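Kindly produce the complete structure, drawing on both the sequences and the hints.
Number of protein chains: 2
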Amino acid sequence: MIDFTFQNSTKIYFGRTALDNLAGEVRRYGTRVLLVYGGGSIKCIGLYDKVMDILRGENAQVWEISGVLPNPRLGLVEKGVAICKENDIQLVLAVGGGSAIDTAKAIANGACYDGHPWDLFEGKGSNDRVLPLGTIVTLSAAGSEMSNSSVITRESDMCKRGRNTPFNLPKFSILNPEYTFTLPPFHTACGIVDIMAHMMERYFAREENVELTDRMTEAALVTVINNAPIVMEKPDDYDARAEIMWAGALAHNNLFSTGRTGDWASHKLEHELSALYDIAHGAGLAIIFPAWMKYVLEKNGEKKLSQFARRVMQVPENFGDDRATALEGIARLEKFYRSIGLTTTLHENGIGESDIPRMAERAIALGGGSLGFFVKLGVPDAEAIYRLAL
Amino acid sequence: MIDFTFQNSTKIYFGRTALDNLAGEVRRYGTRVLLVYGGGSIKCIGLYDKVMDILRGENAQVWEISGVLPNPRLGLVEKGVAICKENDIQLVLAVGGGSAIDTAKAIANGACYDGHPWDLFEGKGSNDRVLPLGTIVTLSAAGSEMSNSSVITRESDMCKRGRNTPFNLPKFSILNPEYTFTLPPFHTACGIVDIMAHMMERYFAREENVELTDRMTEAALVTVINNAPIVMEKPDDYDARAEIMWAGALAHNNLFSTGRTGDWASHKLEHELSALYDIAHGAGLAIIFPAWMKYVLEKNGEKKLSQFARRVMQVPENFGDDRATALEGIARLEKFYRSIGLTTTLHENGIGESDIPRMAERAIALGGGSLGFFVKLGVPDAEAIYRLAL
Numbered sequence: 001m002i003d004f005t006f007q008n009s010t011k012i013y014f015g016r017t018a019l020d021n022l023a024g025e026v027r028r029y030g031t032r033v034l035l036v037y038g039g040g041s042i043k044c045i046g047l048y049d050k051v052m053d054i055l056r057g058e059n060a061q062v063w064e065i066s067g068v069l070p071n072p073r074l075g076l077v078e079k080g081v082a083i084c085k086e087n088d089i090q091l092v093l094a095v096g097g098g099s100a101i102d103t104a105k106a107i108a109n110g111a112c113y114d115g116h117p118w119d120l121f122e123g124k125g126s127n128d129r130v131l132p133l134g135t136i137v138t139l140s141a142a143g144s145e146m147s148n149s150s151v152i153t154r155e156s157d158m159c160k161r162g163r164n165t166p167f168n169l170p171k172f173s174i175l176n177p178e179y180t181f182t183l184p185p186f187h188t189a190c191g192i193v194d195i196m197a198h199m200m201e202r203y204f205a206r207e208e209n210v211e212l213t214d215r216m217t218e219a220a221l222v223t224v225i226n227n228a229p230i231v232m233e234k235p236d237d238y239d240a241r242a243e244i245m246w247a248g249a250l251a252h253n254n255l256f257s258t259g260r261t262g263d264w265a266s267h268k269l270e271h272e273l274s275a276l277y278d279i280a281h282g283a284g285l286a287i288i289f290p291a292w293m294k295y296v297l298e299k300n301g302e303k304k305l306s307q308f309a310r311r312v313m314q315v316p317e318n319f320g321d322d323r324a325t326a327l328e329g330i331a332r333l334e335k336f337y338r339s340i341g342l343t344t345t346l347h348e349n350g351i352g353e354s355d356i357p358r359m360a361e362r363a364i365a366l367g368g369g370s371l372g373f374f375v376k377l378g379v380p381d382a383e384a385i386y387r388l389a390l
Numbered sequence: 001m002i003d004f005t006f007q008n009s010t011k012i013y014f015g016r017t018a019l020d021n022l023a024g025e026v027r028r029y030g031t032r033v034l035l036v037y038g039g040g041s042i043k044c045i046g047l048y049d050k051v052m053d054i055l056r057g058e059n060a061q062v063w064e065i066s067g068v069l070p071n072p073r074l075g076l077v078e079k080g081v082a083i084c085k086e087n088d089i090q091l092v093l094a095v096g097g098g099s100a101i102d103t104a105k106a107i108a109n110g111a112c113y114d115g116h117p118w119d120l121f122e123g124k125g126s127n128d129r130v131l132p133l134g135t136i137v138t139l140s141a142a143g144s145e146m147s148n149s150s151v152i153t154r155e156s157d158m159c160k161r162g163r164n165t166p167f168n169l170p171k172f173s174i175l176n177p178e179y180t181f182t183l184p185p186f187h188t189a190c191g192i193v194d195i196m197a198h199m200m201e202r203y204f205a206r207e208e209n210v211e212l213t214d215r216m217t218e219a220a221l222v223t224v225i226n227n228a229p230i231v232m233e234k235p236d237d238y239d240a241r242a243e244i245m246w247a248g249a250l251a252h253n254n255l256f257s258t259g260r261t262g263d264w265a266s267h268k269l270e271h272e273l274s275a276l277y278d279i280a281h282g283a284g285l286a287i288i289f290p291a292w293m294k295y296v297l298e299k300n301g302e303k304k305l306s307q308f309a310r311r312v313m314q315v316p317e318n319f320g321d322d323r324a325t326a327l328e329g330i331a332r333l334e335k336f337y338r339s340i341g342l343t344t345t346l347h348e349n350g351i352g353e354s355d356i357p358r359m360a361e362r363a364i365a366l367g368g369g370s371l372g373f374f375v376k377l378g379v380p381d382a383e384a385i386y387r388l389a390l
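Residue numbers (my numbering), protein chains in the order written: chain A, 1 to 390; chain B, 1 to 390.
One copy or any two copies: either way a pair holds, since identical chains are not told apart in the list.
Simulated crosslink set (SDA-like; lysine to any residue; CA at most 20 angstroms straight-line): (1) Lys234 / Asn209; (2) Lys303 / Asp239; (3) Lys171 / Arg129; (4) Lys234 / Glu208; (5) Lys299 / Ser370; (6) Lys11 / Thr261; (7) Lys11 / Asn148; (8) Lys171 / Asn148; (9) Lys11 / Arg129; (10) Lys11 / Ser149; (11) Lys303 / Ile2; (12) Lys268 / Arg387; (13) Lys171 / Thr17; (14) Lys11 / Lys171; (15) Lys50 / Gln61; (16) Lys171 / Ser9; (17) Lys11 / Leu255; (18) Lys268 / Glu353.
Note that these hints are calculated values from the structure, not bench results.
Note that the coordinates shown come from a computational prediction; the quantities given were computed from them, not determined experimentally.
Okay, structure coming up:
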């Protein structure tokens with residue numbers, strides 16, 4: 001176990017009545033509210049109207065930023081920051097998934113910074129305060145509702161950057177599993193993969209003696225795996241949606257990082273699939289993570305991968321040696337991904353051998369020359385992993 | 001799963017270098033510091049000198065409240081509140097275990113309240129702010145370093161009251177497992193039982209569909225059970241002490257309460273042993289908890305108790321029916337308590353049949369007529385549990 005600092009101050013309101021707490025939070029932080037959301041889905045499920053009713057009940061003045069898309073763009077952030085500065089906004093309220101929340105985070109920070117909001121993502125400037133930020137979650141996936149991170153893409157060169165700061169922690173997040181009932185199966189499945197990836201990136205670490213963190217992460221992974229088939233079969237199963245929603249928030253709040261250094265190479269290798277071939281993030285992770293596992297298994301990875309196989313994928317203790325156990329665990333993970341309707345190979349997505357060098361080079365370049373901590377990857381390693389994913 | 005609100009804002013500095021963060025926190029909150037601690041142990045391990053050096057390095061003015069005892073008393077709280085009010089204290093810093101921390105919490109709240117600090121424990125008054133509170137932990141047990149609770153005893157009538165409020169959350173807690181190396185084995189063992197009890201009181205709930213919370217709690221219980229024999233055998237095993245210390249903080253920070261209603265009857269039944277026979281809290285819990293389990297098993301408790309037996313006490317799946325599995329789990333828990341040097345019966349502590357009616361009556365009266373949620377207990381139930389503990 002390595003020394004660590006842990007703090008997560010976000011207030012979570014969870015359950016069918018969670019939205020009842022919004023009025024009190026508006027009274028607490030202020031009635032000049034900027035609402036940030038995507039498109040029509042929050043209107044279809046009636047959530048937009050409910051939120052507006054509550055805000056009106058508090059005599060709030062509401063400004064809106066809508067049209068947030070996946071891989072949220074800087075343009076909307078600039079627009080939101082301008083609205084905040086011109087109108088003395090007191091509360092930024094995101095309604096949606098990770099994209100709406102990440103946009104709202106960038107706006108809440110940018111509104112308290114004199115320069116251009118992109119400076120904050122490039123490390124060229126810093127803010128010493130932030131507007132209060134609240135979230136109402138409609139998609140279990142990114143975990144942004146309880147995380148300190150925000151990822152924004154600049155349209156001019158499609159440069160994608162993340163920024164981690166305690167200022168990104170929402171003051172409150174409202175999690176009602178009912179808001180996820182109408183998600184299309186593909187989005188539900190991608191969210192499940194993303195949640196599990198947030199846990200696994202933290203889990204595959206070289207530090208020894210992290211038993212508590214390991215076991216809690218395993219507990220959360222098993223819970224997601226057990227509840228995934230239920231929500232795929234019955235999208236309005238409240239209890240299963242609730243397990244996945246709470247797991248999704250905890251997955252990225254850094255509890256599962258305590259005492260160790262996460263890997264995060266698979267996330268970066270996946271980014272290239274999303275960037276170049278417009279594959280959804282979760283769908284890309286279902287392709288990359290098993291390939292990454294197969295590769296690092298041969299780089300002194302047997303111990304942790306066989307632990308994952310036994311404790312998470314329920315491979316019998318006496319299955320064989322560590323390597324055979326680990327391989328069976330990876331096979332079961334792939335089978336799980338396919339069981340929720342996702343693909344696990346590049347070929348199935350029209351990506352072939354010839355695309356690999358470019359992806360590997362870009363991914364490693366963006367990592368500043370290497371990726372990962374469990375195994376430090378260079379370009380040949382990245383190429384080998386993409387090849388294992390063919 | 002029931003709807004819940006969860007927030008825990010305490011900043012945890014964990015590890016060998018954790019104390020390095022104290023100076024920054026003093027700069028942040030203020031240099032007029034009230035130090036709250038027990039007796040000589042923090043001087044014996046050199047911690048007092050280290051803390052004073054850091055405070056001096058920040059040119060802090062330090063006031064001291066020392067002599068905190070187990071079941072901390074109101075008298076020291078009154079004294080501390082007076083010092084805070086007279087000297088414009090800016091930071092209350094507890095160094096020790098739960099008693100020092102609970103005293104510091106009561107002082108930090110009382111200093112921001114016009115009336116007598118006991119009013120706050122009786123619900124006769126409330127404060128709307130609190131002095132910043134920091135802790136440096138030397139005993140893994142009470143979990144007060146990350147909890148919202150404080151328990152104080154009024155000497156005049158030995159009335160013991162707890163108060164739960166977000167104002168009790170420390171701003172920061174410094175956890176260095178090395179500070180627990182020199183604890184006597186009995187204190188270490190009592191701390192382990194207390195930590196496990198904080199998890200088990202939350203675990204034994206009637207709510208269904210709390211898989212994530214259940215599994216994380218089981219993960220933490222298994223971790224404590226695995227590391228307990230190591231610290232009993234080798235008190236300066238850093239890694240095992242670290243697992244228990246982090247588990248002890250998480251045990252009481254309410255993460256393991258999410259989605260369900262804890263029981264807490266065993267804690268209340270134990271309080272009588274501590275109050276009437278001066279048995280240490282953890283030692284008393286080792287007697288009461290297995291007896292409580294045996295009793296509630298027969299009150300529709302098979303399902304959760306057999307789950308505990310299988311997932312925490314590693315009773316084989318095919319051990320028999322749920323009841324037999326549960327009983328084997330309880331037997332293994334008793335064996336575990338004895339293995340770390342504790343007793344599990346009242347007789348071993350000189351308490352007999354004739355003492356039971358008084359204890360049962362007092363415990364239920366203090367509970368306002370009943371105790372517990374997993375099974376609601378009245379006087380006859382409490383008597384039966386004490387009898388099972390004979």
